[in-house]
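Q: Protein chains in written order, with our numbering: chain Z, 356 to 656; chain W, 3 to 294.
Just so you know, these hints were derived from the structure itself, not from any lab. Hints may be right or wrong, so weigh each one.
Residues on chain Z that point at chain W, a partial pick, calculated with CB under 8 angstroms [said to hold, decoys possible]:
#1 S481
#2 L534
#3 R538
#4 D545
#5 V548
#6 D550
#7 Y552
#8 G553
#9 I554
#10 K557
#11 I597
#12 R600
#13 V604
#14 G606
Remember, predicted model here, so these are calculated numbers, not experimental data. Heads up, the beta-carbon is just placed ideally off N, CA and C, and yes, glycines get one too.
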Amino acid sequence: MNTLALLQTEVASPSIAPVIFAAITISILGGALSVFVVLKRLAFIGQGVSHAAFGGVGIALVLGVHGATSLSAIGQLAIVIAFSILAALWIATLSRVSKGRTDTAIGVVLSASMALGFVLFTVAESGHDHDDHGHAVAEHQDEHHLIEEILFGNILDTDWTKAGVAIGFSLIVLLTTWLMRRRFIFWAFDEPVCDAYGINSKRTTDLFLILLALSVVMAMQIAGVVLAAAMLVLPGAAALNISNRLSSVFGFSILIAVIGAAVGMLIGFQADYPIGPAIVLSQSVLYLVTMLMNKAMSRLR
Amino acid sequence: MSSDAQPAVEIDHVSYTYPATGFDAQPVDALQNISFKVDERTKLGVLGPNGGGKSTLIKLILGIIAPSQGKIRVFGLSPSKARSEGLVGYLPQRIEADLDWPMSVEQVIEHGRFSKLKPWQRLSEQDHKAVRHAMELVDVLDLANRHIGSLSGGQLQRVMIARAIAGEPKLLVLDEPTVGVDIAGQQRFGNMIETLQKEMGLTLIVVTHDMRAIAAMADRIACLSRSLHFHDSPQGLTPGVLAQVFAHDVAGVFGDIHIDAHRADECDDPSHIKPSGCGCEDQGCSDHGADK
Numbered sequence: 356m357n358t359l360a361l362l363q364t365e366v367a368s369p370s371i372a373p374v375i376f377a378a379i380t381i382s383i384l385g386g387a388l389s390v391f392v393v394l395k396r397l398a399f400i401g402q403g404v405s406h407a408a409f410g411g412v413g414i415a416l417v418l419g420v421h422g423a424t425s426l427s428a429i430g431q432l433a434i435v436i437a438f439s440i441l442a443a444l445w446i447a448t449l450s451r452v453s454k455g456r457t458d459t460a461i462g463v464v465l466s467a468s469m470a471l472g473f474v475l476f477t478v479a480e481s482g483h484d485h486d487d488h489g490h491a492v493a494e495h496q497d498e499h500h501l502i503e504e505i506l507f508g509n510i511l512d513t514d515w516t517k518a519g520v521a522i523g524f525s526l527i528v529l530l531t532t533w534l535m536r537r538r539f540i541f542w543a544f545d546e547p548v549c550d551a552y553g554i555n556s557k558r559t560t561d562l563f564l565i566l567l568a569l570s571v572v573m574a575m576q577i578a579g580v581v582l583a584a585a586m587l588v589l590p591g592a593a594a595l596n597i598s599n600r601l602s603s604v605f606g607f608s609i610l611i612a613v614i615g616a617a618v619g620m621l622i623g624f625q626a627d628y629p630i631g632p633a634i635v636l637s638q639s640v641l642y643l644v645t646m647l648m649n650k651a652m653s654r655l656r
Numbered sequence: 003m004s005s006d007a008q009p010a011v012e013i014d015h016v017s018y019t020y021p022a023t024g025f026d027a028q029p030v031d032a033l034q035n036i037s038f039k040v041d042e043r044t045k046l047g048v049l050g051p052n053g054g055g056k057s058t059l060i061k062l063i064l065g066i067i068a069p070s071q072g073k074i075r076v077f078g079l080s081p082s083k084a085r086s087e088g089l090v091g092y093l094p095q096r097i098e099a100d101l102d103w104p105m106s107v108e109q110v111i112e113h114g115r116f117s118k119l120k121p122w123q124r125l126s127e128q129d130h131k132a133v134r135h136a137m138e139l140v141d142v143l144d145l146a147n148r149h150i151g152s153l154s155g156g157q158l159q160r161v162m163i164a165r166a167i168a169g170e171p172k173l174l175v176l177d178e179p180t181v182g183v184d185i186a187g188q189q190r191f192g193n194m195i196e197t198l199q200k201e202m203g204l205t206l207i208v209v210t211h212d213m214r215a216i217a218a219m220a221d222r223i224a225c226l227s228r229s230l231h232f233h234d235s236p237q238g239l240t241p242g243v244l245a246q247v248f249a250h251d252v253a254g255v256f257g258d259i260h261i262d263a264h265r266a267d268e269c270d271d272p273s274h275i276k277p278s279g280c281g282c283e284d285q286g287c288s289d290h291g292a293d294k
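Please construct the entire structure, taking both the sequences and the accompanying hints into account.
A: Structure follows, in structure tokens:
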């Protein structure tokens with residue numbers, strides 16, 4: 356099937372439209388925040404938060420919120436968001452207490468949450484075994500399939516309700532970031548003097564980490580636990596390869612994120628590859644291209 | 003200088019103790035019972051050895067920390083209120099900004115206006131004017147569109163001073179501004195500060211351990227070594243006072259200007275030099291600060 360035909364049939368079909376809208380909005384969010392994430396060196400925090408979210412999914416499952424219906428999916432999302440924000444703030448607090456040893460703090464929170472998640476998955480699973488021995492094998496496979504979806508993303512089951520929630524959250528984070536942009540830029544540029552210039556660095560850090568945690572959870576809807584952080588790193592890193600002007604860096608970053616998402620979806624839909632990894636791969640290729648452009652430009656100078 | 007006028011900074015019996023953090027840490031007394039005033043439109047040099055409480059004093063004046071005891075007023079307001087009203091500008095000792103940020107010199111200096119704006123407010127014509135004026139005063143107008151990471155050390159420092167004065171403060175706090183600057187550079191820096199003070203009617207607090215720099219630019223000097231040892235004009239800063247503040251360091255560093263550091267030098271046993279740097283325990287030296 357050629358691309359045009361694919362667009363005409365698949366995109367027009369009601370099952371894929373919410374996927375596309377959600378993916379593009381979340382990519383724009385990733386593009387905007389990734390500039391801060393790269394320059395403020397928060398990439399590893401993003402990684403920590405996304406893995407911590409796995410623990411959140413475990414909690415949701417034990418509470419019986421399986422995400423099978425739209426309503427329970429939203430319930431699950433709420434639990435995961437709450438858990439991820441707590442994880443981000445916990446990382447911030449731990450690294451403050453340990454005098455800036457952020458890598459240790461992330462290492463602790465990441466592994467503890469992953470471990471918690473797997474234990475809770477097993478607890479939820481054994482609950483099913485106990486309920487109904489006849490279906491234990493099928494349930495077991497289901498759980499493994501679920502774990503895979505959580506780890507690598509499954510955007511294809513996004514209906515309009517889920518897309519609406521994802522788009523809503525993304526817009527809230529984008530709007531807050533836009534309103535606070537000067538504060539965030541000052542903080543990211545020169546945190547040691549923030550307080551002397553009337554910008555509370557602790558509060559700014561916490562606010563940004565909350566927005567980052569929300570964004571990671573949104574990116575997880577596309578790319579899953581393992582790849583979510585990539586969407587919050589690659590576009591900004593790519594944009595910084597090709598510009599050193601503030602507004603154009605943000606512009607390029609969002610553009611690269613959206614192009615990566617569009618190309619990833621096209622390839623994914625056409626070749627029947629998983630969408631999340633296809634998007635992350637496309638963004639990675641764009642990053643490599645900008646890196647080569649950067650090298651070529653500096654050689655020409 | 004009229005003493006009836008409201009002082010720019012008033013420090014009244016201030017002590018500060020850093021709380022103990024960690025398993026085996028002890029609380030640290032950084033400042034003990036400090037009192038002095040800085041009159042408006044004067045230049046105060048704060049001199050003292052490393053660990054003498056200079057940075058703590060700055061944090062207190064900027065309202066980043068609150069005194070454990072005593073009271074500080076900046077233009078009659080609490081330090082944090084004065085800062086949030088944009089009355090105080092600050093130049094940090096080390097420039098730790100992330101110079102990889104895709105920002106121009108002008109965009110960095112605009113940060114100095116942020117305390118006057120709500121986060122979502124745009125910069126007004128007046129804000130842009132103040133930014134241009136600040137750039138003019140420190141002579142960085144021609145760098146306006148340059149990338150912040152492309153500047154030399156001296157240019158970067160001037161840009162950071164422009165950022166500090168872009169908010170049109172009445173008090174400017176400079177933390178070790180001449181570290182690593184050669185004599186000619188110090189001279190230029192002194193002239194620039196002089197111009198700033200005249201043009202903007204600034205009160206200046208310059209914190210340093212560099213006595214040459216301070217003697218060149220200050221109207222009054224406060225010597226700080228946990229407690230206040232001296233607060234008067236530079237002419238009154240005798241070798242004896244310096245010896246007290248800096249203990250035995252002084253003779254070595256300033257041997258060429260014949261400082262009589264006998265008080266500290268008379269210590270036969272270096273371990274008897276008081277931790278405050280105030281002479282030798284054997285001599286029974288006493289603090290004789292001007293404000294006592």
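Q: So, for every hint listed, does it hold in this structure?
A: Hints, verified against the model:
1. S481: 41 angstroms, violated
2. L534: 4 angstroms, holds
3. R538: Interface hint status for R538(Z): holds (5 angstroms vs cutoff 8 angstroms).
4. D545: Where the cut-off is 8 angstroms and the nearest Cβ of chain W is about 4 angstroms from D545(Z), the hint holds.
5. V548: 5 angstroms, holds
6. D550: 5 angstroms, holds
7. Y552: 6 angstroms, holds
8. G553: Hint holds; G553(Z) Cβ to chain W Cβ min 4 angstroms, cut 8 angstroms.
9. I554: 7 angstroms, holds
10. K557: Given a least distance of 11 angstroms, the restraint on K557(Z) is violated.
11. I597: With a closest approach of 10 angstroms, the I597(Z) hint is violated.
12. R600: 6 angstroms, holds
13. V604: Cβ of V604(Z) sits 4 angstroms from chain W, so the hint holds.
14. G606: Hint on G606(Z): violated, closest Cβ of chain W at ~11 angstroms, above 8 angstroms.
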